[in-house]
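Asker: Sequence:
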Amino acid sequence: MAENILIGEKKLQYYNNLLIRADLNLHQQIAKKVEEILPPGSRILDLGAGQGALSARLHDLGYKLIAVDVDPLDFKCETVEFHKVDFNNKEEVERFKTEYHESFDLVLGIEVIEHIENPWEYVRLLKGLVKPKGFLIISTPNITSWISRFKFLLSGQFFQFDEPDLAYGHIAPITPWELNLILTKEGFKKINITKGGTLPKIWIRRDLAALFINFLALIVRPFSKGIVDGWCIIATAQK
1 MAENILIGEK KLQYYNNLLI RADLNLHQQI AKKVEEILPP GSRILDLGAG QGALSARLHD
61 LGYKLIAVDV DPLDFKCETV EFHKVDFNNK EEVERFKTEY HESFDLVLGI EVIEHIENPW
121 EYVRLLKGLV KPKGFLIIST PNITSWISRF KFLLSGQFFQ FDEPDLAYGH IAPITPWELN
181 LILTKEGFKK INITKGGTLP KIWIRRDLAA LFINFLALIV RPFSKGIVDG WCIIATAQK
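Numbering (our numbering), first residue to last: 1 to 239.
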């Protein structure tokens, strides 16, 4: 019941003093999925690692991690190997892709694809880094959630993809249907897309407009299709 009701705003979370730049509970959900598909000791690439909170969590579970992001000064996890790569820089991407071709049992792209100019090319990059029969996990904001549907109805913009969100680099909104299409066209199998993060059915905040939208969402929920819940979507697929 607690996951269906949230009072107040979400607070920043940390793992071993490393800032989690993802929605509430998303890293825990990703770690659980990893444990379901791979044994400890498997080799994992964390693309878009931030300060290294997810890399550290998976390292502590016994996995072998390599972390990648654009800013080496931001990465704080001392127990995980780090590589600097700008995903929008073709030369850096090609260099890394060549060095680590089909090297990983699992490649993670957690809250990254929405920052990328070409999502299709990004998935191809990840595919080239995954071993045959290996796995891929991608997460991205859920633009089909109840809160995003109402925002689009009222403003013509998806939730988390409005003018202020450009400051966070959100430039590529992707529906679950489109993400499934990309993965299918790129030859991935056993594709599973589920809700992720924390988006309660009832979110009590001081913003009266938000409360009104929440009330309307409860009314139309029984008639809504697709992934209505979830701040994010999580896609798991096998090469």
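Rather than coming from a laboratory, the hints here were simulated on the basis of the structure. There may be inaccurate statements among the hints.
Label pairs and their calculated CB-CB ranges [what the hints assert, rightly or not]:
| no. | residue 1 | residue 2 | range |
| --- | --- | --- | --- |
| 1 | Arg221 | Lys131 | 28 to 34 Å |
| 2 | Ser103 | Thr184 | 48 to 54 Å |
| 3 | Leu61 | Leu211 | 23 to 29 Å |
| 4 | Glu81 | Ser224 | 41 to 47 Å |
Computed cross-link-like contacts, SDA-like style, restricted to lysine to any residue with a CA-CA straight-line distance of at most 25 Å [to be verified]:
| no. | residue 1 | residue 2 |
| --- | --- | --- |
| 5 | Lys97 | Arg149 |
| 6 | Lys33 | Asn89 |
| 7 | Lys84 | Leu73 |
| 8 | Lys33 | Gln157 |
| 9 | Lys151 | Asp105 |
| 10 | Lys189 | Gln238 |
| 11 | Lys131 | Leu73 |
| 12 | Lys190 | Gln28 |
| 13 | Lys189 | Glu36 |
| 14 | Lys32 | Lys90 |
| 15 | Lys32 | Pro132 |
| 16 | Lys133 | Lys201 |
| 17 | Lys10 | Glu186 |
| 18 | Lys185 | Val93 |
| 19 | Lys64 | Ile20 |
| 20 | Lys33 | Lys133 |
| 21 | Lys11 | Gly128 |
| 22 | Lys189 | Tyr15 |
| 23 | Lys201 | Gln157 |
| 24 | Lys10 | Gln238 |
| 25 | Lys11 | Glu36 |
| 26 | Lys32 | Gln157 |
| 27 | Lys225 | Ala210 |
| 28 | Lys90 | Arg149 |
| 29 | Lys190 | Asp162 |
| 30 | Lys185 | Asp162 |
| 31 | Lys33 | Gly128 |
| 32 | Lys189 | Thr175 |
| 33 | Lys225 | Lys239 |
| 34 | Lys151 | Gly128 |
Ideal placement from N, C-alpha and C gives every residue a C-beta, glycine not left out.
Asker: For a quick check of understanding: which of the numbered hints are violated here, in increasing order?
Answerer: 1, 2, 3, 5, 6, 8, 9, 11, 14, 16, 17, 21, 22, 24, 25, 26, 28, 29, 30, 33, 34
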